[in-house]
Amino acid sequence: MAVYKRGYTRYQGALTGHWARFFVLPRFAWRRLLEQRLVVILLVAATFWPLLCAGFIYVSNHADLLLGFDQKMSAFLRIDSRFFVIFMNAQSVFAILLSAFAGPSLIAPDLANGALSLYFSRPISRVEYVLARLLVLLGMLSLVTWVPGVLLFFMQSAMAGWSWFASNWQLGVGVFFGFLLWILLVSLVAMASSAYVRWRIVAGALVLGVFFVLAGAAELTNAVLRVEWASAFNPGRAMNQIWCAMLGADPIPGPNATFCFIVVSIMAALLLFVLNRKLRPVEVVS
Amino acid sequence: MTPVIELQDLRVKLGRREILEGISCRLGAAGAGKTIGLLGPNGAGKSTLILTLLGFHKASGGKARILGFDCHKQSREVKARVGFMPENDAFIAGMTAVRFLRVMGELSGLPSRVALEKAHEVLFHVGLGEARYRAIGTYSLGMKQMAKLAQAIIHGPELVILDEPTNGLDPSARARMLQLVREMKEEHGMSVVLCSHLLRDVEAVCDEVIILKGGRLVHQANLEEERRANRRFVELEVSGDDRGFGAALRGHGAEGVSEGGGRWRIVLPPGVEIDVVWQLVARESLEVRRLTHRRDSLEEIFLKAVGHIERTPHENALPAEQVTNDGRL
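Protein sequences appear in the order of chains A and B.
Quick note on numbering: numbering that gives the first Met the number 0 labels position 139 of the first sequence as 138, and the sequence is numbered without any gaps.
Quick note on numbering: numbering that gives the first Met the number 0 labels position 69 of the second sequence as 68, and the sequence is numbered without any gaps.
Hints in this document: simulated from the structure, not taken from any laboratory.
Keep in mind the model is a prediction, meaning the values are calculated, not measured.
Check the hints yourself; a few may be wrong.
[Stated by the list, open to error] Across the chosen pairs, the derived CB separations fall in these ranges:
#1 Leu271(A) / Gly61(B): 57 to 67 Å
#2 Val212(A) / Ala174(B): 49 to 59 Å
#3 Ala159(A) / Arg112(B): 29 to 39 Å
#4 Gly21(B) / Val172(A): 51 to 61 Å
#5 Arg15(B) / Ala216(A): 54 to 64 Å
#6 Lys62(B) / Glu227(A): 20 to 30 Å
#7 Leu137(A) / Lys72(B): 28 to 38 Å
#8 Trp163(A) / Arg75(B): 24 to 34 Å
#9 Ser139(B) / Phe176(A): 47 to 57 Å
#10 Asp249(A) / Asn87(B): 15 to 25 Å
#11 Leu271(A) / Leu13(B): 51 to 61 Å
#12 Val226(A) / Gly61(B): 52 to 62 Å
#13 Phe47(A) / Ala134(B): 27 to 37 Å
[Unchecked claim] Restricting the straight-line Cα-Cα distance to at most 27 Å, the calculated cross-link-like pairs of lysine-lysine (BS3-like) are:
#14 Lys72(B) / Lys4(A)
#15 Lys57(B) / Lys212(B)
#16 Lys184(B) / Lys277(A)
For every residue, glycine included, the Cβ atom is placed at its ideal position computed from N, Cα and C.
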């Protein structure tokens, strides 16, 4: 029967389970994100560097191609922790850009249009809402971070053989967990920004501002006070130091990885505090 | 029978201010398909009560239950059985109405295919069938109200909470909205809580009503019984010596209270027609300056409950010594 002839009837059938409901939000959010041209362009652009790195791995594993190079060049083409740290640094920029464009569209419109009261009047808690939004960014940013990183690691393992894998497995683990840490921080910044300002464009600018302005402020503090610890407040640099420690690469000058990890954890806690304050179905004016 | 809403000394504090100060009542009966009206002046605590029932605010004392489930401890069970239409704008930006309702349906637990079918079905039901592929952001205020109602009933809840559903609607849309509320209870057996400032809307569709003032429950009335009583209310203003008018009214079974200055509020019992008032006015040699005659009683109840008038004439709550023989307060 045609739907317009059917009339309304109450649904009496079985309801879906808790997890099926939980995945509704990410499912529709991913679909909406992939309808945005800019997000697709960024996702495509983010594949160039991994492809270049894949070519690099291919070349470094074909000795006959290296015969003409001197020792310095051969050392440059070695696949080690330094290679993966460089790869991670480049891809982390794409993660920031993607979160700046895609992140604010997840929460800011819900707040601006009062959609939270609709979500929370259903069997969905605030924590589940945040986790669902986090999952959206986690899924999308994974495509440009640890997924290509781990693929490169396995490509190198396949080409270099079992002995390379056995002696360098911690690189794969470091790439995976290092990127997860980065995704978590970037996603929290994107979500907290959009919860705080509610206006999508401003929230996007705020995401970029947090990373680039903090970086500038940290270096300025270092220069004025003639110290090094302020680098820990540059999220990119702090994470770089953590990655160096996780992958066993030479540390970069500045505060050590433990101090950087503590600072990053404090930043994450502050961002969670903002989300907790702002993501409420109704505003209470005291 | 399980009441739809059961409140036991419910207290809610927001910041340091106590918004609800110990409300107790039992309203409706699960599955009976009744509409409960929630009335009160601004700041009375109506919205706070609704938001507490939905688990958005935590009670500082007492208990609130919906359909037998504790609103705080069993919030998930409550929310699975409730549909909520908020007062303010509430939609997901950039979505067509169909997709918006599908998301809401799936979040309420409908399987994906069923949610899509129900989205179309309910949009036709509320009169948005032709506009269902338009982005909700482009809808007029009245259309948004209907879309909000649609998302509240897409999953066929046992209880629908409507917060000011007729706000911003033109007369025909308002009539349509009230008709939909009536259908929800009469044809689909849903219980409805209707929060509104418009007494006529509440009177038109509600079976029970509670009135809040200053965070307290000041009156609970069964409008069904009031309607069955079929009393008629008359507001009369006369000039002349009206001291014997109250006794004359009582002689005909009617009750009247003088508010001074020749103003009377009169209740005519079933079977006593308005002609009686005219006859008594003529007998007492009074001049009629104004006479309004209505059948409904909610306004009377509301004004009395919030303290704008002292009492309803037929009510015997006041001590006898406060009322003189001629009916004056």
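- Message: Next pair to validate is lysine 184(B) with lysine 277(A); report whether the Cα-Cα distance is within 27 Å.
- Response: Not satisfied, since the Cα-Cα distance of roughly 36 Å exceeds 27 Å.
- Message: Holds or violated: the 51 to 61 Å window for the beta-carbon distance between leucine 271(A) and leucine 13(B)?
- Response: Violated, since leucine 271(A) and leucine 13(B) (Cβ atoms, about 23 Å apart) do not stay within the stated range.
- Range hint 27 to 37 Å (beta carbons of phenylalanine 47(A) and alanine 134(B)) holds or violated: holds, 34 Å
- alanine 174(B) and valine 212(A) - C-beta distance against the hinted 49 to 59 Å: Cβ of valine 212(A) to Cβ of alanine 174(B): about 56 Å, so the range 49 to 59 Å holds.
- Message: Between the beta carbons of valine 226(A) and glycine 61(B), is the distance compatible with 52 to 62 Å?
- Response: holds, 57 Å
- Query: Does the Cβ pair alanine 159(A), arginine 112(B) satisfy 29 to 39 Å?
  - Reply: violated, 49 Å
- Query: Would you say the C-beta atoms of serine 139(B) and phenylalanine 176(A) sit inside 47 to 57 Å of each other?
  - Reply: holds, 51 Å
- Query: Is the hinted range of 20 to 30 Å satisfied by the C-beta distance from lysine 62(B) to glutamate 227(A)?
  - Reply: Distance hint for lysine 62(B), glutamate 227(A) is violated at roughly 58 Å.
- Task: Using the beta carbons of glycine 21(B) and valine 172(A), state whether their distance is inside 51 to 61 Å or not.
- Result: holds, 59 Å
- Evaluate the given range 24 to 34 Å for the C-beta pair formed by tryptophan 163(A) and arginine 75(B). violated, 51 Å
- Does the Cβ pair leucine 137(A), lysine 72(B) satisfy 28 to 38 Å? Hint holds: Cβ distance 31 Å, inside 28 to 38 Å.
- Item | aspartate 249(A) paired with asparagine 87(B), Cβ distance criterion 15 to 25 Å | violated, 56 Å
In summary, the structure is inconsistent with hints 1, 3, 5, 6, 8, 10, 11, 14 and 16 from the numbered list given earlier, while agreeing with the others.
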